[in-house]
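Novice: When we follow full-length UniProt numbering, the leftmost residue of the sequence shown carries the number 1, and every step to the right adds one.
Quick caveat, the hints were computed from the structure, so don't treat them as lab data. There could be a bad hint or two in this list.
Pair by pair, the computed Cβ-Cβ distance ranges are [as the list claims (entries may be wrong)]:
#, residue 1, residue 2, range
1, N73, I48, 37 to 43 Å
2, Q74, D18, 17 to 23 Å
3, E41, S252, 22 to 28 Å
Here are the simulated SDA-like pairs of lysine to any residue, each with C-alpha atoms no more than 25 Å apart in a straight line [claimed, not checked]:
#, residue 1, residue 2
4, K255, T132
5, K158, K230
6, K254, W44
7, K230, L98
8, K255, E216
9, K276, G54
10, K158, R28
11, K272, D262
12, K276, E57
13, K214, T123
14, K255, G54
By construction, the Cβ of each residue, glycine as well, lies at the ideal position given by its N, Cα and C atoms.
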Amino acid sequence: MEQTKEISALLHLIDDPDEEVFGAVSSRIVEFGRTIIPNLEHLWENTISDSVQGRIELLIHRLHFNDLREDFNQWSLAGHHDLMVGALLAAKFQYPDLTTAPIVQEVEKLRRNIWLELNNYLTPLEQVRIVTGILYGYYGLKGTETAYTDVNDFLIHKTLEARRGNQVGNALLYLILCELLDIPVRAIGVPRQFILAYFKPGYSAEDLEQPVSKIEFFIDPSSGMVFTHKDIELYFKRIQVPAVHAYFRPYSNKKVIQSALDEMAKCFDNEKDYYKREELLELTNLLD
Numbered sequence: 001m002e003q004t005k006e007i008s009a010l011l012h013l014i015d016d017p018d019e020e021v022f023g024a025v026s027s028r029i030v031e032f033g034r035t036i037i038p039n040l041e042h043l044w045e046n047t048i049s050d051s052v053q054g055r056i057e058l059l060i061h062r063l064h065f066n067d068l069r070e071d072f073n074q075w076s077l078a079g080h081h082d083l084m085v086g087a088l089l090a091a092k093f094q095y096p097d098l099t100t101a102p103i104v105q106e107v108e109k110l111r112r113n114i115w116l117e118l119n120n121y122l123t124p125l126e127q128v129r130i131v132t133g134i135l136y137g138y139y140g141l142k143g144t145e146t147a148y149t150d151v152n153d154f155l156i157h158k159t160l161e162a163r164r165g166n167q168v169g170n171a172l173l174y175l176i177l178c179e180l181l182d183i184p185v186r187a188i189g190v191p192r193q194f195i196l197a198y199f200k201p202g203y204s205a206e207d208l209e210q211p212v213s214k215i216e217f218f219i220d221p222s223s224g225m226v227f228t229h230k231d232i233e234l235y236f237k238r239i240q241v242p243a244v245h246a247y248f249r250p251y252s253n254k255k256v257i258q259s260a261l262d263e264m265a266k267c268f269d270n271e272k273d274y275y276k277r278e279e280l281l282e283l284t285n286l287l288d
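Please take these sequences and the hints and turn them into a complete structure.
Specialist: Okay, here's the thing in structure tokens:
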């Protein structure tokens, strides 16, 4: 953006020690939108004060977040909630300048490799074994513990880059591939887990009666391992939680991204990054 007199004056006041003055200045800077980011980056490069650089970084983040919030709002209001788009938006929270084309191309390669092995005569279990074989065997995807120490484990591009993610990161990739291949695998709300389920033909997301009866089997996205209904019953007994119907209803794509954002927020539990936690929770509320 062209450096006008007003912008020059605003940038000069970023180092003002009065928090009230800085608050007014930052609000005005944010009103310019992301076109002012190059001016802020130039100032950051020519500033030796750590505190001023920190203020500039916060302003740049606010500008990116405002755009991301609007992008999420548009995605939420769209008629079809493409899961790939939602996952890429979630990744842009931490990497606002993310280039999405290589990610889409990598997912398309995986989709094609799986598609070449599929046919109309396979059973549900055979279909899933092909997806799992390509993704965890040929591609080498690994699972990590969901420890909330590294937000990268939740992000689609980092999962692809490292070929490793936690339950949520791997589940996003698995669900995206199944959506592209018309395989009826959906996330469900089993407590303390991010588990997937293969739904029988004719299931409905609005089916309130016995949703568990619509499920063929369950999949752990950490490893691709398949679990039976008996395995899940034993899990509920172990955690001493009643297996109510709500836990087995298929998540919509909006709900999947909501859950991912909510889990990502838990990575920012220190005072310095607490504003990021608040922003992620704001995005989850936006998707309601």
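Novice: A separate judgement is required for each hint: does it hold in the structure or not?
Specialist: Results of checking the hints against the structure:
In this structure the supplied range 37 to 43 Å holds for N73 paired with I48, their Cβ-Cβ distance being about 39 Å. For the pair Q74 and D18, the beta carbons lie near 37 Å from each other, so the given range of 17 to 23 Å is not met. Distance hint check for E41 and S252: the Cβ-Cβ separation is about 38 Å, which falls outside the suggested range of 22 to 28 Å. Among the hinted pairs, K255 with T132 is consistent with the structure: their alpha-carbon atoms are about 24 Å apart, no more than 25 Å.
Using a Cα cut-off of 25 Å, the hinted pair K158 and K230 is violated, with the two alpha carbons roughly 34 Å apart. Annotation: proposed proximity of K254 to W44 is violated, straight-line Cα distance about 37 Å (limit 25 Å). Distance check on the hinted pair: K230 and L98 sit about 42 Å apart at the alpha-carbon level, beyond 25 Å; violated. Under the criterion of a C-alpha separation no larger than 25 Å, the hint pairing K255 with E216 is consistent with the structure, at around 21 Å.
This hinted pair checks out: K276 and G54 have alpha carbons roughly 15 Å apart, not beyond 25 Å. Of the pairs offered as hints, the one joining K158 and R28 is violated, with about 34 Å between alpha carbons and a cut-off of 25 Å exceeded. Taking the CA atoms of K272 and D262, the gap is about 19 Å. The hint holds against a cut of 25 Å. Distance hint between K276 and E57 is fulfilled; the C-alpha atoms sit about 13 Å from each other, no more than 25 Å.
Simply put, K214 and T123 have alpha-carbon atoms about 15 Å apart, close enough for the 25 Å limit, and the pair holds. At most 25 Å may separate the alpha-carbon atoms for a hinted pair to count; K255 and G54 exceed this at roughly 34 Å.
Of the numbered hints listed earlier, those contradicted by the structure are 2, 3, 5, 6, 7, 10, 14.
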